[in-house]
Structure formats: C-alpha cells, structure tokens
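**Q** Note that the protein sequences, when read in sequence, are chains R and P. Under our numbering, think of the first position of the first sequence as 7, with each following residue one higher. Under our numbering, think of the first position of the second sequence as 7, with each following residue one higher.
No lab work stands behind these hints, which were simulated from the structure alone. Fair warning: there could be bad hints in the mix.
Repeated chains share a single entry, so a pair holds when one copy, or any two copies, can fit it.
Derived DSSO-like pairs (lysine-lysine); straight-line CA-CA distance at most 30 Å [stated by the list, open to error]:
#1 K79 - K185
#2 K185 - K16
#3 K8 - K79
#4 K19 - K87
#5 K80 - K185
#6 K80 - K109
#7 K109 - K8
#8 K8 - K80
#9 K172 - K80
#10 K109 - K79
#11 K87 - K109
#12 K8 - K116
#13 K87 - K107
Protein chains: 2
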Amino acid sequence: MKLLEDRILKEAKALSDEVLLVDMFLNHQVDCELMYEIGGEFSRLFARDGISRVVTIEASGIAPAAMCALIMKKPLVILKKQPSLVLKNGILQTEVFSFTKQKSYMLTLKPEFIAQGDRVLLIDDFLANGEAALGAARLIEQAGGTVAGVGAVICKSFMPGLRRLKDMGFHVEALASIKRMGAGEIVFED
Amino acid sequence: MKLLEDRILKEAKALSDEVLLVDMFLNHQVDCELMYEIGGEFSRLFARDGISRVVTIEASGIAPAAMCALIMKKPLVILKKQPSLVLKNGILQTEVFSFTKQKSYMLTLKPEFIAQGDRVLLIDDFLANGEAALGAARLIEQAGGTVAGVGAVICKSFMPGLRRLKDMGFHVEALASIKRMGAGEIVFED
Chain R
7 MKLLEDRILK EAKALSDEVL LVDMFLNHQV DCELMYEIGG EFSRLFARDG
57 ISRVVTIEAS GIAPAAMCAL IMKKPLVILK KQPSLVLKNG ILQTEVFSFT
107 KQKSYMLTLK PEFIAQGDRV LLIDDFLANG EAALGAARLI EQAGGTVAGV
157 GAVICKSFMP GLRRLKDMGF HVEALASIKR MGAGEIVFED
Chain P
7 MKLLEDRILK EAKALSDEVL LVDMFLNHQV DCELMYEIGG EFSRLFARDG
57 ISRVVTIEAS GIAPAAMCAL IMKKPLVILK KQPSLVLKNG ILQTEVFSFT
107 KQKSYMLTLK PEFIAQGDRV LLIDDFLANG EAALGAARLI EQAGGTVAGV
157 GAVICKSFMP GLRRLKDMGF HVEALASIKR MGAGEIVFED
C-alpha cells in the first residue's frame, strides 16, 4: 500500500534492526483518516473470503480493525490482555509472549462473541514472530470459528511470523512488508 | 442519545448497583457502526469548542474516539497504561486508580503528541469516579494543552466523576447518563 509505505519512509524510525517506531501515526498518535484507508484496503484484499467477523488484539490493532469492521459492516471483537471485574468467568485464555514488551500475557476471549462457523478476519498492527496471531487463532478456533484471513498493517518479513502463518495455510496480507531495516534505512519487499 | 440508550436497555446488564456490562457492543464485541454514530454525536456536541486533537485512554475508549477523530479530521492520541520497549524515555506519567480493575496503573503520554495550545477533546467509554479523566487532564496540561471538552459514552451520574469534572469548569457531555441501576433495572437521567 503505497500511501502507508510513503508514510513509514517519511515518519517512522528504525530504532534497531528489529524495532520500528511508528508511534506518530499508528500506535500512540493515530492518523484516523489513514486508518480508514487501511481498513478499506483490508476490506478489498479479503473481499472473497466470506468474512463474518473482524477480530483484533488490544490496544494498537483497535483503530485499523475498527475502521475495517465499519467498512465491512461486520462486528468487531477485541481480544483482551488483562482480566477485569466484568470479565473473569466462562472465558477462554491462551498465553502469548510479546516481543515488544518482552513478557507474556494471557490473551482472553469470551467465547459467546465468536459464533459457530464464523469466518474471522484477524487484524493487527504488526506481524513479527506471529505469536499474537497464533494465540488469537487458537482462541478463535476453540470458540468454534475459523481464521479466514490475517491482515497486518506492517509485517517484518525478516522475522518468522509471516512464513509460519502461510505454512499453516492462512491467507495473510500485509500492507507494508519490511525486508530489512537499520540505522537510517527501511527497505520494503518488492 | 436515544440510539445508545435503547441499545443499553436492550442488551446491557446491570451486574450490581455499580457495574454495567456492555461488552456485547462497546468494549469486547464492538458495533463499529454504532461507534461511528457516537463519534458523530460527539463532533456535534463539541463543534463550538475549537477542538484541535482527540485524546483517549487505552483500550475501551479507542473505537469511539477513533470514529470521532475521523469525523472531526483531527489527530487521535491514545494514552497508554503500560510501558513498552519503544516508550520509556522522555514520557509524562501519572498514577490512576481503576475502579473496574481495582488497581492502579501509570497513565503515560509522550509529550510531543500534544502541541502547545492544543484544545483537546477527551473521549472515554465510561465516566464514573472521574479518576481516568482527571489523570488524562493532568498529562494533557503538563504537555501544554488544554482540555476543551470531556465526552463519555456512558456516565454513571450517581457516582462523583461528572460533578467533579463540572466543578472544575470542564465542558462535559455524556451520551447516556445512568441515574441508578440494579437487578433488572437501568434508569437514565431525564
């Protein structure tokens, strides 16, 4: 997606070979008009997958996933990372290790929000090791749904997540795929 | 907002005198078309406040705030509750006690995402004790902005938050204000 790649080249910063700072338009300050364009791009890329529900993981996936759900006119389900007073009984959980936060969390879903036979489009901001997507897929399948598509705003294609998901047969789309990055350099896949 | 009040009466559950379960359309499963209507209503209610930026708190405020920012064509800033690899230096923090989670967290802002003189519309899903809104206001003011409006999707007007914010001179709007609730009963303000 050229609009997104241009924005990454203009504003993002490679903090190391592996960490990309995009907090000026994607995950701290958010350009919601860009998110709307991103949601529209996902809706086109997965138009033939019979999507019945959009799922994301709190918190950085919510803005693009909400725009995608709005455009596709489907319900959005936000997988939670923390328990609360009102979410503690009858829940599904799976452990996920976060590369960015360098610790594990319990990804949580109330199974009533996935219908039997649901065809889920899973949207997240980053695809790196694929741990979050695989955890989400476990919960969605336990609840009776199928992962019909995985959409990442940005993929670090030099990390194993993209390959792992494709090898499992998932339809995966990334709007910007970074082949390598480092000091002052961000290079996309052709 | 009648659309929202009707939805609350139809689907929400009062789990006690103080805890309202709205996870079927607002904070676990999310109806993004309703969120878009909510964003539009906020944009009308705060149309005269010279808003230059929308701010919310992760994670349940993001969907309605993103729709509001989209409609108002303003940047969104998401205040964070957890540190990460890429957000640890040069940040502003303040401690907030969460009624729903029954524990404190450090609300976090990178000050470069509030411009000097910014007139901020603060959007959140619930207004109860007002702790989160007051914490957000402290960070926004420390960063050089002004809170020009506070919009809550749902206000528990029997709790002190609404009164506290109004007494401090903030322009506060709630789309649904609950006067009292309990077993099988949810009563709105007139």
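**Q** Give a verdict on every hint.
**A** For each hint, the structure was consulted:
1. Neither within a single protomer nor between protomers do K79 and K185 lie at most 30 Å apart by alpha-carbon distance, with minima of 33 Å and 33 Å respectively.
2. For a Cα distance limit of 30 Å, the shortest separation of K185 from K16 inside one copy, 17 Å, qualifies, whereas the shortest one across copies, 49 Å, does not.
3. Within a single copy, K8 and K79 get their C-alpha atoms as close as 25 Å, and across copies as close as 21 Å, so both meet the 30 Å cut-off.
4. For a Cα distance limit of 30 Å, the shortest separation of K19 from K87 qualifies both inside one copy, at 27 Å, and across copies, at 23 Å.
5. Within a single copy, K80 and K185 get their C-alpha atoms no closer than 32 Å, and across copies no closer than 32 Å, so neither meets the 30 Å cut-off.
6. Proximity of K80 to K109 under the C-alpha cut-off of 30 Å is found in neither arrangement, the shortest distances being 32 Å within a copy and 34 Å between copies.
7. Taking the shortest alpha-carbon separations for K109 and K8, neither the intra-copy value of 33 Å nor the inter-copy value of 43 Å comes in at or below 30 Å.
8. In the homo-oligomer, the alpha carbons of K8 and K80 lie at most 30 Å apart both inside one protomer (26 Å) and across protomers (22 Å), since each shortest distance falls under that limit.
9. For the identical chains of this complex, K172 and K80 are intra-copy neighbours only, at 25 Å inside a copy versus 37 Å across copies, given an alpha-carbon limit of 30 Å.
10. In this assembly of identical chains, K109 and K79 lie within 30 Å of each other by CA distance neither inside one copy nor across copies; the values are 35 Å within and 36 Å between.
11. For the identical chains of this complex, K87 and K109 are neighbours both inside a copy (12 Å) and across copies (15 Å), given an alpha-carbon limit of 30 Å.
12. Taking identical chains as interchangeable, the C-alpha atoms of K8 and K116 lie at most 30 Å apart only when they sit on different chains, with a minimum of 28 Å there against 37 Å within one chain.
13. When the C-alpha separation of K87 and K107 is checked against a cutoff of 30 Å, the pair qualifies both within a copy, at 12 Å, and between copies, at 12 Å.
The structure shown violates the earlier hints numbered 1, 5, 6, 7, 10.
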